[in-house]
Amino acid sequence: MTLTSADFLPVWPEVLMLSMVCVILVADLFLKDSQRVGTYALSLLTLAGCAVVTAVSSRPDVTFAFRGMFVDDPMSDALKLMVYGVVAAMLVYSRSYVAARGMYRGEFFTLVLFATLGMMVMISANHFLTLYLGLELLSLSMYALVALQRDSAASTEAAMKYFVLGALASGMLLYGISMVYGATGALQIPEVAARITAGKANMTILVLGVVFIVAGLGFKLGAVPFHMWVPDVYHGAPTAVALLISTAPKLAAFAFVIRILVEALGHPAVLAEWRQMLILLAIASMALGNITAIAQTNLKRMLAYSTISHMGFLLLGILSGTVNGYSAAMFYVAVYAVMGLGTFGVILALSREGFEADTLEDFKGLNRRSPWLAFLMLLLMFSMAGVPPTVGFYAKLSVLEAVVDAGYTWLAIVAVAFSLIGAFYYLRLVRLMYFDEPTDTRPIHSDGVARLLLSANGLAALVVGIVPGWLMAVCQRAMQASL
Amino acid sequence: MNSTPLLTLVIWVPILAGALVLATGSDRNAGLARTIALIGALAGFAVSLPLIAGFDPTAHGMQFVESTPWIPRYNIQYALGIDGISLLLILLNSFTTILVVIAGWKVIESRVAQYMAAFLVMSGLMNGVFAALDAMLFYVFFEATLIPMFIIIGVWGGPNRIYASVKFFLYTLLGSLLMLVALLYLYQASGGSFALADLHKLPLPMTTQVMVFVAFLVAFAVKVPMWPVHTWLPDAHVEAPTGGSVVLAAIALKLGGYGFLRFSLPIAPDASHALSGLMIALSLIAVVYIGLVALVQTDMKKLIAYSSISHMGFVTLGMFLFDRLGVQGAVIQMISHGFVSGALFLCVGVMYDRLHSRQIADYGGVVNRMPVFAAFFMLFAMANAGLPGTSGFVGEFMVIMSATKVNFWFAFAAATTLIFGAAYTLWMYKRVVFGAIANPKVAELDDIEAREWLFLAVLALLVLWMGLHPAPFNEVLEVPVADLLEHVAKSKLP
Chain C
1 MTLTSADFLP
11 VWPEVLMLSM
21 VCVILVADLF
31 LKDSQRVGTY
41 ALSLLTLAGC
51 AVVTAVSSRP
61 DVTFAFRGMF
71 VDDPMSDALK
81 LMVYGVVAAM
91 LVYSRSYVAA
101 RGMYRGEFFT
111 LVLFATLGMM
121 VMISANHFLT
131 LYLGLELLSL
141 SMYALVALQR
151 DSAASTEAAM
161 KYFVLGALAS
171 GMLLYGISMV
181 YGATGALQIP
191 EVAARITAGK
201 ANMTILVLGV
211 VFIVAGLGFK
221 LGAVPFHMWV
231 PDVYHGAPTA
241 VALLISTAPK
251 LAAFAFVIRI
261 LVEALGHPAV
271 LAEWRQMLIL
281 LAIASMALGN
291 ITAIAQTNLK
301 RMLAYSTISH
311 MGFLLLGILS
321 GTVNGYSAAM
331 FYVAVYAVMG
341 LGTFGVILAL
351 SREGFEADTL
361 EDFKGLNRRS
371 PWLAFLMLLL
381 MFSMAGVPPT
391 VGFYAKLSVL
401 EAVVDAGYTW
411 LAIVAVAFSL
421 IGAFYYLRLV
431 RLMYFDEPTD
441 TRPIHSDGVA
451 RLLLSANGLA
461 ALVVGIVPGW
471 LMAVCQRAMQ
481 ASL
Chain R
484 MNSTPLLTLV
494 IWVPILAGAL
504 VLATGSDRNA
514 GLARTIALIG
524 ALAGFAVSLP
534 LIAGFDPTAH
544 GMQFVESTPW
554 IPRYNIQYAL
564 GIDGISLLLI
574 LLNSFTTILV
584 VIAGWKVIES
594 RVAQYMAAFL
604 VMSGLMNGVF
614 AALDAMLFYV
624 FFEATLIPMF
634 IIIGVWGGPN
644 RIYASVKFFL
654 YTLLGSLLML
664 VALLYLYQAS
674 GGSFALADLH
684 KLPLPMTTQV
694 MVFVAFLVAF
704 AVKVPMWPVH
714 TWLPDAHVEA
724 PTGGSVVLAA
734 IALKLGGYGF
744 LRFSLPIAPD
754 ASHALSGLMI
764 ALSLIAVVYI
774 GLVALVQTDM
784 KKLIAYSSIS
794 HMGFVTLGMF
804 LFDRLGVQGA
814 VIQMISHGFV
824 SGALFLCVGV
834 MYDRLHSRQI
844 ADYGGVVNRM
854 PVFAAFFMLF
864 AMANAGLPGT
874 SGFVGEFMVI
884 MSATKVNFWF
894 AFAAATTLIF
904 GAAYTLWMYK
914 RVVFGAIANP
924 KVAELDDIEA
934 REWLFLAVLA
944 LLVLWMGLHP
954 APFNEVLEVP
964 VADLLEHVAK
974 SKLP
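Taken in sequence, the protein lines are chains C and R. Per our numbering: the first sequence = residues 1 to 483. Per our numbering: the second sequence = residues 484 to 977.
For reference, chain R alone in the conformation it holds in the complex (with noise of 0.2 Å):
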């Protein structure tokens, strides 16, 4: 057993690196407050690694468990352990938050301390969400990430950065109250504990977990999001600066997902059962019509934001159909999703710090001037719309897979997303890289340099390795997600 307590350190080394970086002020010391948070961010990530080296991916149930009385008037405690589909997100997480430091190094000029303390803020946070065992302190987490997104959107964003971020800020926390009741509920009905195992244990009449799923499903599906509860991502995706969107996209909306299967199966097993009709319409709702809304937009942070959408579709799709295959084609989805949409985003703000233009209809023949970055975009465009050998078209497939063993017009509906995503995503890219050059503006682009290669070609890297070998990937998945299913398939009804 190992005895230093790892998760604490993967959720508090980066906020109090955040705290320093805050420390540091006014602009005057922007240098320094870059360099601490770079040094943050990689210390966070470093102090992730030997999460993987310690990890038994045989081992049932939670690893580098650790637990202390956190608020005993309440038995709440500050509970953290891991499984498989935690390690992936919080490694991911890790590795996100340098990129984003990375991408923000140069763009953001003003408060530029505040700029990187939210960002390493918000990454801690996240960790705790994926790393907590108790229901309060997930919860802690989960709506404490909302205070440096809300001022990440607000500050730094775009024109209509104030609309979007108090949308987002009120369209989540909306779900998350709701969700707040459910857990008292239940804290009730478990006779005074919030932690996450002995709410899986207990029994619930059929009444009760309609009611508390619905709950969760609220808050969940917020963050996921869900068609109709989507409209706040786009107007946040197009207003938050590159490093927001990218956080958004590659970790917040991995949030709601990690729920699902925290929370609302194993809780709610026979309401999950019950209400799986209803998700999956959801769901193949926003694949095939986020899809299609995808395709004509105009701003191609916007059609991002939308593919997001569809995607994440995928997600919950393979979570509700009850099957092996189906739940790790959406945990690795996820992933996936983190990798590409990211990557995307961060090609996004490769040419809007150029150009400052997001408008597909303002570019034109990039590839003539930034070849090197033009086939970049390339692969992350592919791997956006599902090509095989791409970390996109893993997940999807094993998910497609999955649907067509329950339900041929599932899969059917499912699939159409290989050729939606292909169009929108594709047809975008032909726009914007090809042709001849459409404006003066594009003709005197610059190529990328070594720092924004730097960060492609590491995800360049990693959409490959997830494509060509998602082995490794699938192998820490194994046990938690046969776990998961052996739980939710037994009743809970009393």
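Next up, chain C with everything else stripped away, as it sits in the complex (with noise of 0.2 Å):
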């Protein structure tokens, strides 16, 4: 087996990105406390360096390395592209947050970047096992940043939820891939939907084995019932790193579902095998993730049984099995990310040294305090709750047209009543927000980068939602060109 140059094309990305971490990491060795904004500029660099070969490298068609373990399609630069872009702001919006609680250091940074490499390793796989690597290099990674903070009892019991969860999730995927392998005798992705069409896999097994691959994908989600750790973890971790869990990896789970679901087992009768699976757990997650957030008094715990409904949303897009409901899919974990990242980004802003401004109390007449962080905030809510003319509205839209175009008019409004119990809770932050008088008077600061960059980002909302079209057209494009 020899490799060739044109093996090395697609993953320059992820080339750069691992030599820059191994350099980050030596590198701050070398730095003092004082000069660690040198790691952080580093970082953004790197990203930002990413997204230019990223960027560069893109083709409008498919391209394979590694004798096929990996894929370079539209998809996945859009999806990388995208989960730079989060990172990036996550490390701005979280720098003050972490240098206040001493996680201003170097594993701070190379553990977010590792995990970033995950990610794009999840995104690009065209292999069972490249996929299960990405996802364990993301999933370890992420253990060690939720328990970051060594002192936090909160911090190291979720990192323990967490982990144990997730490694009970890995065990399952592992042991659906292998029932996989059993029943078609291939790893590769586009190979085993060859044997599935070809009629050369056991079906028995193949479906045994899919329930047990949507069982792992239902943990990583955080779909109901596989939902137990979100809440938790988004309660205990820094809220930095609740940001990062709730975001990017969103991102790179929606590859991991359409790479497994979608281009291995997409034969039309296994995909009316996971359908089924999906719908329960779509249903499940939009009731429990809606109505459970409504009696939540933390913020970060509602965010995260938000998150567990808007994972909802998504699986809806995903089963309606058209091109056009994984695009809409897309647009709408898309849009998902940046409005997570806002708010996220709001509670980071509010937060201080030694004060977490993670209860809905610490939200009353925010309006007060700082209307223009409080308007932000309004945008970003009206937008998860999905009402025009937010960007929000549009994610739900796109996802019920492609449910609707499915012929599964009853689960588009089975959703739609589901959002406007959504509604009450979203509401409930901009009524603290907006008609209370503030219980806390002290000044709010913020660095103004990370300011400005929350500005754009909670404008954003607004004005994507204005004119949505061209993303819409690059989650479709990108989606008609991948598969």
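Calculated from the structure, these hints are not laboratory results. Errors might be hidden in some of the hints.
Stated by the list, open to error - Below, simulated DSBU-like cross-link-like pairs (lysine-lysine); rule was C-alpha separation at most 30 Å, straight line:
1. R:650 to C:364
2. R:785 to R:589
3. R:684 to R:975
4. R:589 to C:364
5. R:924 to R:913
6. R:913 to R:589
Hey, can you piece these two chains together into the complex? The hints should help.
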């Protein structure tokens, strides 16, 4: 087996990321605490560099590398660019937060970048083992990040839960993959699909494998009934890490789901099997996520349940089983990442040394304390609730359109009923910010760059909502070219 | 053909003015915020005036049409155009915005910029609803109006404002989400188009029509509001600040009535015919039952709110008689109700600003201290009761006439409003305005100042003009109503 230079072209972004993480890891050893800004700048530069390489090497067709272990297609390029953006914004938002909590160290940056690398591998994997490799790289970095605040009992507990349940999910996934291998004799994604189409697969074993795979994916996405870890991890993890968990990995998980369920197991006979399961997961996630969120008083927990319900919506797009539905789901996950980023960004902006602005109480009367932050949060909340003209509406619209298109009008009605319930708790936050008097009157300090980026982020929820066409077109083109 | 995108201006001038007002920031710049808001409202009205000049009442179809692709992915167009019905509603809306800005001029003292901005944005969005020719564009504007209204009620409202604002929001959202699913369904059925013209032409089997009709019904019935989904309105009205009540009553309720004319009737004509009995029954219950409810209210705003529901019953009644006179009467009633209920809420606002009470029992003998105000209030109360010569009479009379043609008992039930309406309005008027001065607070009242005189006088003129000479209004409605009825008369069953 020889590797040619053609093999390396598609993996340039990954190679760059890996080398830079190693450089940062070593370079940070030579930096004093006061010079840590160097690590910070270097991390941002790495992400920017990867973005440039990905954008430049982006091609409108599908390229395979490493004997079909790795794929570079328009979907992976688009998702990777989003991941870089989200991770970079996360670093900017959380800078003062992590600095105030003794986490502003080399480990933080290297772990974040290793997680990013894991996501990149997941997004571009074309082989079940590559997928698994990427997933584990991401997960292990995440477990460590959650536990990074060593002296916090909540963080440690969250990390333990995350690790144990994550390991269980990985095990299930691996078990499912082994059954798929047993049924088809292949692990390369196009090969698996080809064997199923050719009728060479043992359907009984395959379907059993699909059950385990869907369960594993459900864990990773945080869909009900595999959602138990989500609220605890969001609640216990440092807010900066919760931000990361709730945004970028969802983009990678989306690619993961597409690669496994659609590209490998997208044969109509198998699709009919996993569609049933996804319908149940989607309805249960929307129901439990939205209803339980109402009872939360901790904002991070509320957002955790909100994420669960959003993942339910995302599954709706996927289970429609059409390219139309997949691109709607991609649009949804991209929009969700932007909204989650902004929402956690506001929480980070309100947090100070020794104080987490993570209960609903802390948002009381925000409009009096900082009208601008309150306005941004208002836009984000209405966007989460899916009220036009914010971008969240178009995300819901495109998914619902795909669902109706696939002939599941009843499912669309169920989905809108739960989004109505969801609107209640998003509205409650707006209510607290605008209608109540502040209990906390200390001034809000946030650093200029983060504030500027946060403004852009919040306004994006409105502006992209007024002109949503281009982002939809990007997702549609990426999906059409990749499948 | 006019090349200026007038409708775009009508929508975006107030919204951009609203953004500008918001940018003035804190209450230190309140004066500036008020001035910009007034200029913005006047500019918004000014750009809607050329619509009258350029409007051809004899032309069929939409005028001032603009169309650009907006979301090519779903073939959604930024398509605008108006007919006589939308023209009147847009003018009413742009005009009311000026009144609201003036009415809130002194009274609103905290977060002035946000208050004014919310109304300006709201005004632009509602113009968008009336001008949209694409169902999804309509939906976006329709829903977006909820956000500023939610804020208006919740921030500047009365003691129970939070409950009222959340109830308002969730109630209306419930309705519109079903409409969204119906629109998506129609999008599939029409082979990928949200254009209203295409949806109007689309043949649909009866069961589908009924389901689509019901989905629209929930959305629009909540907005109108029709009995029994009206319960949000008294809460919202009572708790909203004066300006909020005016906009709600004068414009926001019309979004529902307008929706019936643009969506329910032409898209599902057979279902509309089949279900007209239900609609007429609901309308008559609103007219009679809610009229009786209004009679026993002790809160002035609540009384006017119930009176609004009762009057809106006429609107839906007129629409489902499928008769030229009835539909035209319904639209006239919408416009007139905009003036009259707006004026009544402003009158209550004038008193509330002085005494901080909306309870009828806290007043009495107001005429002794505020004779000029009492005269204006009298005129609007009479108009609300449907006195001939005021705008309130015209629409009701047309609808009752039309109902007589269809069924005597419909007309009989509807006509009771002339008694109940007079009873609750004039009884309230009597208790508040006449009699001896009830308490020391009333004894200290001052009559209206120039600012208040201005908006009441303008409204009084309009109420009288529409009552004495309704011909211009009927003239612009003639063609669109005839076209609509002709369309609805044809079956769309495949």
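Here is what the structure says about each hint:
1. R:650 to C:364: The hint holds at about 20 Å.
2. R:785 to R:589: Answer holds: residue 785 (chain R) to residue 589 (chain R) is near 24 Å, not above 30 Å.
3. R:684 to R:975: At roughly 8 Å apart (the allowed maximum being 30 Å), residue 975 (chain R) and residue 684 (chain R) satisfy the hint.
4. R:589 to C:364: 27 Å, holds
5. R:924 to R:913: 18 Å, holds
6. R:913 to R:589: 28 Å, holds
Checked against the numbered hints above, the structure violates none of them.
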